[in-house]
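Could you put together the complete structure from these sequences and hints?
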Amino acid sequence: MAATTATAQALDRDLLLRRPPRSLWSDAWRRFRKNRLALIGLAYIFFLAVIAVAAPLVAPHNPVQSDVQHAGVFRQAAWIRDPNPMRTGSWEYPLGTDSVGRDVFSRLVYGTRVSLVVGFVPMVFTVSIGMLIGLVAGYAGGRVDNLLMRFTDVVYAFPDLLLFIIMQVAFQDAWIGKLLNGLVLLFITLSLVSWVTVARLVRGEVLAVKQKEFVEAARAIGASSVSVILRHIVPNTLGPVIVVAAYIVPGAIISEAILSYLGIGIRPTVRLDAPFPTSWGSMILEGSKAWESQPWMLIAPTLAVASITLAFTFVGDGLRDAFDPRQAER
Amino acid sequence: MLLAFVIRRILWLIPVIVAVTTITFFLMHQAPGGPWDREKPVAAATLKALNQKFGLDKPVWVNVGEVRARWQAGERNPVRLLGAFLDSQYFRYLWGLVRLDLGPSYRSKGTESVQSILWRKFPTTAKVGPVATAFAVVVGVPLGVLGALKQNSWIDYVSLTVATLGVSVPSFIIGVLVIIFLSQAFGIKPIRQPEEWRGFSTAYLAPGIVLGLGTMSYLTRLTRSSMLEVIRQDYVRTARAKGLSEFQVVTRHMLRNALIAVITVLGPAVAALVTGSFIIETIFNVPGMGREYVVAIAARDYSMIMGTTLMYALFVALANLWVDVMYGFLDPRIRV
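Taken in sequence, the protein lines are chains A and B. Under the working numbering, the residue at position 191 of the first sequence is numbered 191, and the numbers go up by one with no gaps. Under the working numbering, the residue at position 105 of the second sequence is numbered 105, and the numbers go up by one with no gaps.
FYI, nobody ran anything at the bench for these hints, they're computed from the structure. C-beta atoms are modelled at their ideal positions from N, C-alpha and C, and glycine is treated no differently. Check the hints yourself; a few may be wrong.
As the list claims (entries may be wrong) - Just so you have them, the derived chain B footprint on chain A, three or more residues with Cβ under 8 Å:
id: 1; region: 157-169
id: 2; region: 296-310
Unchecked claim - Short, incomplete list of chain B residues facing chain A, as computed with Cβ under 10 Å:
id: 3; residue: Ile263
id: 4; residue: Thr282
id: 5; residue: Val316
Written as structure tokens, this is what we have:
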């Protein structure tokens, strides 16, 4: 008897536990790590996050203070020579200065904050709302499902940029539009539409998972609805949701840039200690008015937006391959 | 079956349009200011006359005051009372919609109706769109096919790089860079005067291509991946084995199946082009529908805002319908 148990244990050890069990997460991370571009993207985002947090240390000047006497107006980028000594490039102002003598490089550094915050906060909102609605619709089914899905259909048909624009115009001057230079309103605006994608996705996954044996087993041993949802259904929907979330972030960053470019995004501020003084989108707006006199006012923020969205696309592609190896490229 | 599905989906457009109207109406009236705001304050009497002329003196949602007045005047007919109750800006607009009347444009002081402005502006937008779509299909699909046929060659890497850049870098960023580049390097001015947009002119090339870039990249990626899937199928091997020329194998056996996915996404891709057009129109100063929207917002031209939004919403809805129908049409395995 004792011998059989020992043999069984030996078998267990040899057959099953030779390889430590892999969870979805470690498996995904293993695949993600192999994707060099995704790692570069992740590293770049991490680098920007550090810059954003440490902006006061990185930026050589205050991003709001204008110092025309010393900085000059429309000073060129450091490597560009100009006969006018007030306009020739100087490494004190690496990317030159703008129309009121503010350091473009410092503004760029502070702009990182807005882009990251505006990418991540609405993403968290949309994923939470989308998951909630998708879970309820998929799990409850019937009339609730029908009602919620028709609602998402309506939102889905809304041309999102038009909604963003009118939303910003409508509430820009209300009290809510003034919180944090208008960031709070931007969060709400950018969360209005993209939750639909998440909701539809989650609902589909829930409908599929709900029928599985392990859910039935969990119910059979008397698990409550809440615990079935939280312990068995939610973990199974997380993979695809993470992938979608990774694409929502650059979408929000682009939308913010467009809104600010149209002059209805973040509010310009003159407060010297504002934590979010400007965004890359507003810088593009300022730059596009003055690019003939100071091209780097425009080039720098456009490259910044381009590189951050590129990094997020790399990470998104990597996550998609990691969580769903069968459905590469779509 | 398909027809019933299409009809049901088209009927479903009605509540969608009503919802879009209601939401836009609400948001629009939240915005401070009105259509008659000018730098100089307008005389109160003129203002009153204008408001009266366009029904802007009515309440926004429901007209409770009118019901009360009629009731006190002794009116008891429920239909008439309901009529008075609904005598508001919102219900007047809905009633106009039913009659396909989008109302007068306030910016033109009522001299021109919204539908005639849209009718006038739409051809310009409708010319940028096809340039973009044509560019996306003509460049994107072959690039994807080449990439897949010569997988892991330099062509493949070039097409993948272009596609990744095009998908991730927003078109308005590319638009801004293209304007600088063209005017700095070649002395070409991509921003044209309004009169240069009549007919078909080279003016449409730059905005069209910039607008189409994202869709092109998307199509490249999609074509490449679905080609790669098809290349390894047994029927392709059979086609080769029976001695068909490589060209025939590619066009008749691979492309045909690979393009199913491409055609299905064309609907939303075109819709994205149409809605994306308005930021490109703003950058390139194209006098189209999209720029009209931005101008209308600034001028609080309520009926114009509503008209353009509805037009765009209709496009998006029709594009979504196209996807669902195409799925059922091209791939019999999927039932609509």
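State the violated hints by number, sorted upward, taking the hints as numbered earlier in the document.
-> Violated hint (a single one): 3; every other hint is consistent with the structure.
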